[in-house]
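Protein chains in written order, with this note's numbering: chain V, 98 to 291; chain X, 98 to 291; chain E, 98 to 291; chain G, 98 to 291.
What the hints contain is simulated information worked out from the structure, not anything from laboratory work. Hints are not guaranteed to be accurate.
One-sided excerpt, in silico: chain X residues whose CB lies under 10 Å from chain V [to be verified]:
{"no.": "1", "residue": "H175"}
{"no.": "2", "residue": "D186"}
{"no.": "3", "residue": "A202"}
{"no.": "4", "residue": "L209"}
{"no.": "5", "residue": "C215"}
{"no.": "6", "residue": "Y217"}
{"no.": "7", "residue": "A249"}
{"no.": "8", "residue": "E250"}
{"no.": "9", "residue": "A253"}
{"no.": "10", "residue": "T254"}
{"no.": "11", "residue": "R268"}
Remember, predicted model here, so these are calculated numbers, not experimental data. Ideal placement from N, C-alpha and C gives every residue a C-beta, glycine not left out.
There are 4 protein chains.
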Amino acid sequence: MTRAVKRNSTAARQGWHPGVLAESGRMNQPSPTSASLTAAPASAPAPAEARLQPEQRGAYPMFRAIATRWSDNDAYGHVNNVIYYHWFDTVVNSHLVAQGALDIAQGTTIGLVVETHCNYFTPLAFPQGVELGLRVAHLGRTSVRYEIGVFAEGAATAAAQGHFIHVYVDRATRRPQALPPVLLQALQPLRAAG
Amino acid sequence: MTRAVKRNSTAARQGWHPGVLAESGRMNQPSPTSASLTAAPASAPAPAEARLQPEQRGAYPMFRAIATRWSDNDAYGHVNNVIYYHWFDTVVNSHLVAQGALDIAQGTTIGLVVETHCNYFTPLAFPQGVELGLRVAHLGRTSVRYEIGVFAEGAATAAAQGHFIHVYVDRATRRPQALPPVLLQALQPLRAAG
Amino acid sequence: MTRAVKRNSTAARQGWHPGVLAESGRMNQPSPTSASLTAAPASAPAPAEARLQPEQRGAYPMFRAIATRWSDNDAYGHVNNVIYYHWFDTVVNSHLVAQGALDIAQGTTIGLVVETHCNYFTPLAFPQGVELGLRVAHLGRTSVRYEIGVFAEGAATAAAQGHFIHVYVDRATRRPQALPPVLLQALQPLRAAG
Amino acid sequence: MTRAVKRNSTAARQGWHPGVLAESGRMNQPSPTSASLTAAPASAPAPAEARLQPEQRGAYPMFRAIATRWSDNDAYGHVNNVIYYHWFDTVVNSHLVAQGALDIAQGTTIGLVVETHCNYFTPLAFPQGVELGLRVAHLGRTSVRYEIGVFAEGAATAAAQGHFIHVYVDRATRRPQALPPVLLQALQPLRAAG
Numbered sequence: 098m099t100r101a102v103k104r105n106s107t108a109a110r111q112g113w114h115p116g117v118l119a120e121s122g123r124m125n126q127p128s129p130t131s132a133s134l135t136a137a138p139a140s141a142p143a144p145a146e147a148r149l150q151p152e153q154r155g156a157y158p159m160f161r162a163i164a165t166r167w168s169d170n171d172a173y174g175h176v177n178n179v180i181y182y183h184w185f186d187t188v189v190n191s192h193l194v195a196q197g198a199l200d201i202a203q204g205t206t207i208g209l210v211v212e213t214h215c216n217y218f219t220p221l222a223f224p225q226g227v228e229l230g231l232r233v234a235h236l237g238r239t240s241v242r243y244e245i246g247v248f249a250e251g252a253a254t255a256a257a258q259g260h261f262i263h264v265y266v267d268r269a270t271r272r273p274q275a276l277p278p279v280l281l282q283a284l285q286p287l288r289a290a291g
Numbered sequence: 098m099t100r101a102v103k104r105n106s107t108a109a110r111q112g113w114h115p116g117v118l119a120e121s122g123r124m125n126q127p128s129p130t131s132a133s134l135t136a137a138p139a140s141a142p143a144p145a146e147a148r149l150q151p152e153q154r155g156a157y158p159m160f161r162a163i164a165t166r167w168s169d170n171d172a173y174g175h176v177n178n179v180i181y182y183h184w185f186d187t188v189v190n191s192h193l194v195a196q197g198a199l200d201i202a203q204g205t206t207i208g209l210v211v212e213t214h215c216n217y218f219t220p221l222a223f224p225q226g227v228e229l230g231l232r233v234a235h236l237g238r239t240s241v242r243y244e245i246g247v248f249a250e251g252a253a254t255a256a257a258q259g260h261f262i263h264v265y266v267d268r269a270t271r272r273p274q275a276l277p278p279v280l281l282q283a284l285q286p287l288r289a290a291g
Numbered sequence: 098m099t100r101a102v103k104r105n106s107t108a109a110r111q112g113w114h115p116g117v118l119a120e121s122g123r124m125n126q127p128s129p130t131s132a133s134l135t136a137a138p139a140s141a142p143a144p145a146e147a148r149l150q151p152e153q154r155g156a157y158p159m160f161r162a163i164a165t166r167w168s169d170n171d172a173y174g175h176v177n178n179v180i181y182y183h184w185f186d187t188v189v190n191s192h193l194v195a196q197g198a199l200d201i202a203q204g205t206t207i208g209l210v211v212e213t214h215c216n217y218f219t220p221l222a223f224p225q226g227v228e229l230g231l232r233v234a235h236l237g238r239t240s241v242r243y244e245i246g247v248f249a250e251g252a253a254t255a256a257a258q259g260h261f262i263h264v265y266v267d268r269a270t271r272r273p274q275a276l277p278p279v280l281l282q283a284l285q286p287l288r289a290a291g
Numbered sequence: 098m099t100r101a102v103k104r105n106s107t108a109a110r111q112g113w114h115p116g117v118l119a120e121s122g123r124m125n126q127p128s129p130t131s132a133s134l135t136a137a138p139a140s141a142p143a144p145a146e147a148r149l150q151p152e153q154r155g156a157y158p159m160f161r162a163i164a165t166r167w168s169d170n171d172a173y174g175h176v177n178n179v180i181y182y183h184w185f186d187t188v189v190n191s192h193l194v195a196q197g198a199l200d201i202a203q204g205t206t207i208g209l210v211v212e213t214h215c216n217y218f219t220p221l222a223f224p225q226g227v228e229l230g231l232r233v234a235h236l237g238r239t240s241v242r243y244e245i246g247v248f249a250e251g252a253a254t255a256a257a258q259g260h261f262i263h264v265y266v267d268r269a270t271r272r273p274q275a276l277p278p279v280l281l282q283a284l285q286p287l288r289a290a291g
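Please put together the full structure from these sequences, using the hints given.
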């Protein structure tokens, strides 16, 4: 197994100090030095985000392991922020294929991604192992909101967390479709505890 | 130039109908079918997101061209949602290096990404050309919020838009650092018009 | 485990017929229709390549599992030819880190890749599991030639096989260095049987 | 343009000394320290490879620019060896789409990659610009061998060079197909000078 390597010390050496995270929280609030720049109204941070904290494992009903790759690390020596989204795609679609809810090549209804988001708390680095917690936080008539927690192998607290929203469409016409019954069934074990 | 190819018809054939976008907006609001699933409070969608509309080119003070690659298209034949973030990294860091505000190999202060987000309105596909609009929407003492609009080459309306937040840290200790003057200078031309 | 999903039928549906492989072999030899184009002498195919056959598992002394990712599939719905090289990097460097022979962040001697090659026999597709066989076929004073067989999970015959050559250099000066003893030790279990 | 940034000094600082290249050439030949390892016969290096030298721009009839991306650099701060193959895919397919010889979504005949190869002489690094020289070195009844030279923007000598071989198959049955006339036409300007 590629993930069965011993924990490397890169991540530890490069660990952000607690102050970074707090700083990251504070920076969503007005500050004196930002007086000359104004955010577009549509993208003003929700107050909730200013208090964002990493979640614990118990917040996710299901986990899947991810083996990191050499190419996940970028020029700064840790997993690049973009890679987390490659993992999101992988964990969701792996689950759906395993449950018979996604036929990549032939399915007539497919999920298109219309929104993605991620917050990063602690760096990760190849070759360490990673575990992704997965839950479904919202179901619409034609859409699903997945929330994903990224944990260093065995860690209690998330290194990052994010979400992405699938809207289901007809493969050929790309018009929205009601979520198919086989999908609803596959999402049952991912329901958020709350 | 890789981007100097004629416009291909893939994107047009795969264009989402307006209903998809509206559906995407509506799905952030409570709906009867979602009664059995509850969103975690920390990630409840802000009301503003439910009204999200693609922006026009004038919303961005600076543009850079991106040449798509074969590998940008995924199994569904259009640019994968993750690739947009590779473009975000590229456009921001290209600007900073060009302005002398980022020395990837030697700089003692580096920007770590603590939050990323993207909304997708219209699909794109290799080999079409893409242009990224870039603005700085918020400056904190140690952080910068970039907002990026993704436009099909020559298009008036964004195909996608997102943001990412850099927090500046000391390369060795990873402790937060005030934004260096050379960076503040490099960000001047990216100030949002508002 | 992302790789613990059931075998999907995509690869089977897209399996190349034997004729493709034979064709691939034949195409390295002169043919009437190629009379008007001449290959550069330096890159003339070696006669051995014209007889290239996929190897069996026994040809490799060590195996590591690779979990495929959504992004491994390209617009044709199977793993893109480039992705195999991401796996090569990963399997070799995972082994070296696990053996204490590679410190990505701090090592003073690093292996730079000077040559890579791959032949593809049978397509693979996410989410199927993959296993990589690894052997060391040649050791120079400052270089190592790794040979890698790519097998669908549980398959007897390689879906692809390739090699890559590392030359060891001083991290700072990039001048060639003799292979360090800890590396030679790590390569022992990878010696080709022959 | 992302590639219109000033040359950064990363590549220069990390330039391999001439000794590396020579070493790379020598390492394909038997050496005393390799006595205990034997290469598999099928993969024995051709004598020609031991004398491999980087080519000049004149060896390629056509060029296309490639804009590097942040994610092209790996943990060692230069473009990862795998990325060159992403560029190969891009330059060939861009040319074919521009010439009307490839319809990614609908074409009934597609080119599958059966062999790829690359030799690396000099490192490259984002954000520097890159230019790819392209030629067709061999045409079979159902296959094409492309040879690609990778040049730092404006450089006279290749930083890397490689090839890849497409075999044409029916999209549905994956059986080999004769090269279509529109493809043969598109390949005319890529014929090797020799």
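Broken hints, by number: When the structure is compared with the hints, numbers 7, 8, 9, 10 turn out to be violated.
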